[in-house]
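Student: One-letter residues, chain by chain:
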Amino acid sequence: MTDETTHALALVPEDLPKAENFLKPHRIVLMLLFAGLVVAVAVFMRWDWLPRYLPRLGSGILVSLAMLFSTAILGFLLAVPLGLVQVTGPWFLKLPARLFCTIIRGTPLLLQLWLLYYGLGSLFPQFPAIRHSFLWPYLREAWPYGVAALTLSFAAYEGEVMRGAFAGVPQGELEAARAYGMGRWTMFRRIWLPRAVHRALPTLNGETVLQLKSTPLVATITVIDVYAVISKVRQETYLTYEPLLLLALIYMCLTGILVLAFRYFENRIPTRGA
Amino acid sequence: MAADSFINWSLLALSAPGWGGVLLQGFLHSIEIAVGGYALGLTLGVGGAFGKLYGGPVLRDLLECYTTIVRAVPELVLILLLYYAGTDLLNQFLGTLGFATVDISGLMAGIFVIGIVQGAYSTEVLRGAIKAVPSGQIEAARAYGMSPAKVLRRITLPAMLPYAIPGLANLWLIATKDTALLAVVGFSELTLVTRQAAGTTKAYFLFFCAAGALYLALTLLSNIFIGMIERHARRGFAEQR
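Same order as they appear, the protein sequences are chains A and B.
Numbering of the first sequence is given in this note's numbering, commencing with residue 1 and proceeding in unit increments.
Numbering of the second sequence is given in this note's numbering, commencing with residue 1001 and proceeding in unit increments.
Do not rely on the hints blindly, as some may be mistaken.
Label pairs and their calculated CB-CB ranges [what the hints assert, rightly or not]:
| hint | chain 1 | residue 1 | chain 2 | residue 2 | range |
| --- | --- | --- | --- | --- | --- |
| 1 | B | 1236 | A | 66 | 38 to 44 Å |
| 2 | B | 1202 | A | 96 | 51 to 57 Å |
| 3 | B | 1146 | A | 96 | 51 to 57 Å |
| 4 | B | 1135 | A | 23 | 16 to 22 Å |
| 5 | A | 46 | B | 1146 | 53 to 59 Å |
| 6 | B | 1144 | A | 173 | 47 to 53 Å |
| 7 | A | 256 | B | 1235 | 23 to 29 Å |
| 8 | A | 99 | B | 1199 | 26 to 32 Å |
Non-contacting residues of chain B with respect to chain A, defined by C-beta distances greater than 10 Å in every case (computed) [said to hold, decoys possible]:
| hint | residue |
| --- | --- |
| 9 | 1018 |
| 10 | 1032 |
| 11 | 1043 |
| 12 | 1058 |
| 13 | 1074 |
| 14 | 1085 |
| 15 | 1091 |
| 16 | 1098 |
| 17 | 1099 |
| 18 | 1106 |
| 19 | 1112 |
| 20 | 1138 |
| 21 | 1179 |
| 22 | 1180 |
| 23 | 1191 |
| 24 | 1212 |
Derived by calculation from the structure, the hints in this document are not laboratory data.
Bear in mind that the values here come from a model prediction, so they are computed numbers and not experimental data.
No residue lacks a Cβ here, since even glycine has one placed at the ideal position from N, Cα and C.
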């Protein structure tokens, strides 16, 4: 009932205004007002700290983007089997997948993140086997926990979407594939998965924007992403608004770029009908 | 480490040495904020949706800016911005009017922040739902001579409900989980309380799992209620599929 609607909440490519007849008199007045506001912000607020922090901001943005793309890709790879077993799997696969999605979607991401970082992070050092394994240099850092939490979260939300997409592929297409003598794996690879991904694509875009908006949470477990850099600026300069406004602007630009990129790719994929 | 100290259930006891009572208190705060923020968001959403559909061009553009900005910026950043800006602006406003500054309670600030964020999303949900109401029904009501307010009350709002409820239900679930973000600004709701309890006792797993169970219970309980409301709103509609 509430499964397929999350994408309505994120910006989707149709949301951006069209370029044609964009300039109307009232829009020009609004834009002038807005430009005045921007100038006022630039002149009356303090921005002298900006050049000092630019390199750090740049690397923070890169960390945020790395978090976004790595977790979205890993999460999607996890979401495909999650969605698939919920449609076709035997009960002993279906039930855990269902349970996983319900639990992850029913609890706040921040809580999951802290559970992994503080919980597992305090548990791991007690086991010598882990301490002496090759993984330990990584497990001592914060980012693996961030990646894990964000990946699981993306997988759970997207798994639910993929479940709907797998179930929504018309039976006739699968029967046709079977009639051609395709094996199960070939059928899945050639027909089922591409058709399901195609159906899930618009939702995937929305989910990716939502994922971008969840990345600043990793700053709470000491990963230095762009949010963490801004927090550092706020501590060192005692400024409240300027860094936060800049941060909001950065995220708006990132979201805008993401949405435009998705719109570009979506236009390149041929669709017939609705 | 021995097994009995691994899970020390007495830590969850409701009275003083245990942290169960504190946890439940935080949970109550979370629910209060979620309910308040959701209600505020819904009010803003109704206004925003009607402004976007029937308002003038300037109002429509301003609302478009509001919804786009709120949906493009992470909730965490918005919460920080609104938390500081909201309290600051209110105090400056009171100052210029000659009143003494007030200490804004975390509860009020939390409700305000969550409400503003929810308002943008519910504007979009409600706008879509209102657009889904067949225009013939509204024209018929107008032909009967109903005033705009009456059309709204008798036709538009009830007729859009079935379209709006899935989105609004989703928003409620998001509101309950967004309250966790207020932990970052230091409001003692469930997540922050949990972290404090876990940090003090070092029983991280126990407390985070307990808090997770509380959130999950809230979600599952909400789902049951949502199902009931949805069935009620859909009465008279053809069964789907």
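Student: Look at each hint and say if it fits the structure.
Tutor: Structure-based check of all given hints:
1. B:1236 x A:66: 38 to 44 Å: About 51 Å separates the Cβ atoms of residue 1236 (chain B) and residue 66 (chain A), which means 38 to 44 Å is violated.
2. B:1202 x A:96: 51 to 57 Å: Given range 51 to 57 Å: violated, Cβ gap about 30 Å.
3. B:1146 x A:96: 51 to 57 Å: holds, 54 Å
4. B:1135 x A:23: 16 to 22 Å: violated, 30 Å
5. A:46 x B:1146: 53 to 59 Å: holds, 56 Å
6. B:1144 x A:173: 47 to 53 Å: holds, 49 Å
7. A:256 x B:1235: 23 to 29 Å: violated, 42 Å
8. A:99 x B:1199: 26 to 32 Å: holds, 29 Å
9. 1018: Given a closest Cβ separation of 19 Å, the condition holds.
10. 1032: The claim holds: residue 1032 (chain B) sits with its nearest Cβ about 16 Å from chain A, beyond 10 Å.
11. 1043: holds, 18 Å
12. 1058: Check fails; 5 Å does not lie beyond 10 Å.
13. 1074: Violated: least Cβ distance 4 Å, not greater than 10 Å.
14. 1085: Not fine: 7 Å to the nearest Cβ puts residue 1085 (chain B) too close to chain A.
15. 1091: holds, 13 Å
16. 1098: Given a closest Cβ separation of 24 Å, the condition holds.
17. 1099: Residue 1099 (chain B) is indeed farther than 10 Å from all Cβ atoms of chain A, at 22 Å.
18. 1106: holds, 17 Å
19. 1112: Label holds. Min Cβ-Cβ 16 Å, cutoff 10 Å.
20. 1138: holds, 23 Å
21. 1179: Check fails; 8 Å does not lie beyond 10 Å.
22. 1180: violated, 3 Å
23. 1191: At about 5 Å from chain A, residue 1191 (chain B) fails to clear the 10 Å cut-off, so the statement is violated.
24. 1212: violated, 5 Å
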